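> Construct the complete structure from the given sequences, taking the supplied hints into account.
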Amino acid sequence: MRAGFVVTAAVAALSIWGSTLARAATIQVTIDKVAYNPVNISARVGDTIVWSNKDIVAHTATNRDKSWDFTIFPNKTAKVTLKKAGEIDYYCKFHPNMKGHISVKP
Amino acid sequence: MMLHKIAAAFATLLLISGAASAQGAKPNDAQIAHIAYTAGLADIANAKLALRKSKNKDVRAFAHDMERDHKAVNDKALALVKKLKVTPQDNPTSKAIAKGQADERAKLSKLKGKAFDKAYIDNEVAYHKTVDNALQSTLIPSANNDELKSLLETGLKIFQGHLEHAEHVAAEFK
Ligand SMILES: [Cu+2]
Numbered sequence: 001m002r003a004g005f006v007v008t009a010a011v012a013a014l015s016i017w018g019s020t021l022a023r024a025a026t027i028q029v030t031i032d033k034v035a036y037n038p039v040n041i042s043a044r045v046g047d048t049i050v051w052s053n054k055d056i057v058a059h060t061a062t063n064r065d066k067s068w069d070f071t072i073f074p075n076k077t078a079k080v081t082l083k084k085a086g087e088i089d090y091y092c093k094f095h096p097n098m099k100g101h102i103s104v105k106p
Numbered sequence: 001m002m003l004h005k006i007a008a009a010f011a012t013l014l015l016i017s018g019a020a021s022a023q024g025a026k027p028n029d030a031q032i033a034h035i036a037y038t039a040g041l042a043d044i045a046n047a048k049l050a051l052r053k054s055k056n057k058d059v060r061a062f063a064h065d066m067e068r069d070h071k072a073v074n075d076k077a078l079a080l081v082k083k084l085k086v087t088p089q090d091n092p093t094s095k096a097i098a099k100g101q102a103d104e105r106a107k108l109s110k111l112k113g114k115a116f117d118k119a120y121i122d123n124e125v126a127y128h129k130t131v132d133n134a135l136q137s138t139l140i141p142s143a144n145n146d147e148l149k150s151l152l153e154t155g156l157k158i159f160q161g162h163l164e165h166a167e168h169v170a171a172e173f174k
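Top to bottom, those sequences are chains A and B. With the first letter of the first sequence counted as 1, position 52 gets the number 52 in my numbering; the numbers rise by one all the way through. With the first letter of the second sequence counted as 1, position 73 gets the number 73 in my numbering; the numbers rise by one all the way through.
The hints are simulated quantities; they were obtained by calculation from the structure and are not laboratory data. Being a predicted model, the structure only gives us computed values, none of them experimental. Among the hints, erroneous ones may be present.
With a cut-off of at most 25 Å between alpha-carbon atoms, the simulated BS3-like pairs for lysine-lysine come out as follows [as the list claims (entries may be wrong)]:
{"id": "1", "chain 1": "B", "residue 1": "K57", "chain 2": "A", "residue 2": "K66"}
{"id": "2", "chain 1": "A", "residue 1": "K99", "chain 2": "B", "residue 2": "K53"}
{"id": "3", "chain 1": "B", "residue 1": "K157", "chain 2": "A", "residue 2": "K93"}
{"id": "4", "chain 1": "B", "residue 1": "K57", "chain 2": "A", "residue 2": "K54"}
{"id": "5", "chain 1": "B", "residue 1": "K129", "chain 2": "A", "residue 2": "K93"}
{"id": "6", "chain 1": "B", "residue 1": "K76", "chain 2": "A", "residue 2": "K76"}
Not close to chain B: a few residues of chain A, all C-beta gaps over 12 Å, as computed [to be verified]:
{"id": "7", "residue": "T30"}
{"id": "8", "residue": "P38"}
{"id": "9", "residue": "I41"}
{"id": "10", "residue": "G46"}
{"id": "11", "residue": "S52"}
{"id": "12", "residue": "V57"}
{"id": "13", "residue": "P74"}
{"id": "14", "residue": "T81"}
{"id": "15", "residue": "A85"}
Pair ranges (Cβ atoms, derived) [as the list claims (entries may be wrong)]:
{"id": "16", "chain 1": "B", "residue 1": "K174", "chain 2": "A", "residue 2": "K84", "range": "47 to 53 Å"}
{"id": "17", "chain 1": "B", "residue 1": "K57", "chain 2": "A", "residue 2": "S42", "range": "51 to 57 Å"}
{"id": "18", "chain 1": "A", "residue 1": "T77", "chain 2": "B", "residue 2": "D75", "range": "20 to 26 Å"}
The C-beta atom is built at its ideal place from N, Cα and C for all residues, glycine as well.
Here you go:
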């Protein structure tokens, strides 16, 4: 009885974990010529955003809600895994004319 | 003719009007490269002065960014002129930029504390406006070589970012 419950719970947990894994995607954003490309992203909770800086200067990816702030030097990358649903506006602290948006669905 | 007008604009920190591109000789690529490089050097010197004098966190962060970005752009410009076998050519605009900003630094170095911070950042706002304007109205349209044009265009976007950043910092001192 008790063992059965543990197994069931484990299977349930695994299947949730499995379904999260199955749909988790990595979304690439290239930084070049002082812009994020693509500038607007649709993602799901669990997805990972990877920024690659192909530009000649350092940039940042800074969440307006301050929950993350990455400085990304030329030829370097930074990444974040999206933990909750919502709309994210981010920008570059060094060049505030650089703006990006991520729409995170549950 | 045109070079003199840009020179005058830099000397007085007046904005260049679109009308300045009316007639006369356009700057050549060797002069454009020299102007862009000189403009970068002047801002690096301004940044170094700010890093010696300022204790304000935001002013110092801005100055660090200017030093790093203008060095990166100038390094690219140097590598490009080398590749193109172009020797940057001194000209009245470059001289006006260098002198104009040296004069500004002489004034700034007499100031202290908040007065310095405000004057430094106000000059950065004005200077980036002038440089961005010169790039947009004259230097980019005059550039012959595609790689030089592309570097100037990326430079313009970077410096427009600096202008916005400077304006945010300047708002603190209003
Ligand atoms: Cu940036």
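> Next step is simple, just say for each hint if it's right about the structure.
Hints versus structure:
1. K57(B) / K66(A): With Cα atoms ~18 Å apart, K57(B) and K66(A) stay inside 25 Å; holds.
2. K99(A) / K53(B): violated (32 Å)
3. K157(B) / K93(A): holds (14 Å)
4. K57(B) / K54(A): violated (29 Å)
5. K129(B) / K93(A): Satisfied, since the Cα-Cα distance of roughly 19 Å is no more than 25 Å.
6. K76(B) / K76(A): Roughly 18 Å between the alpha carbons, so the hint for K76(B) and K76(A) holds.
7. T30: holds (14 Å)
8. P38: holds (17 Å)
9. I41: I41(A) is indeed farther than 12 Å from all Cβ atoms of chain B, at 21 Å.
10. G46: holds (32 Å)
11. S52: holds (17 Å)
12. V57: violated (5 Å)
13. P74: It is violated; P74(A) is separated from chain B by about 8 Å at its closest Cβ, not greater than 12 Å.
14. T81: holds (28 Å)
15. A85: Label holds. Min Cβ-Cβ 30 Å, cutoff 12 Å.
16. K174(B) / K84(A): 47 to 53 Å: For K84(A) against K174(B), whose Cβ atoms are near 37 Å apart, the range 47 to 53 Å is violated.
17. K57(B) / S42(A): 51 to 57 Å: At roughly 36 Å between Cβ atoms, S42(A) and K57(B) fall outside 51 to 57 Å, so the hint is violated.
18. T77(A) / D75(B): 20 to 26 Å: At 22 Å between Cβs, range holds.
Against the hints set out earlier in the document, violations occur for numbers 2, 4, 12, 13, 16, 17.
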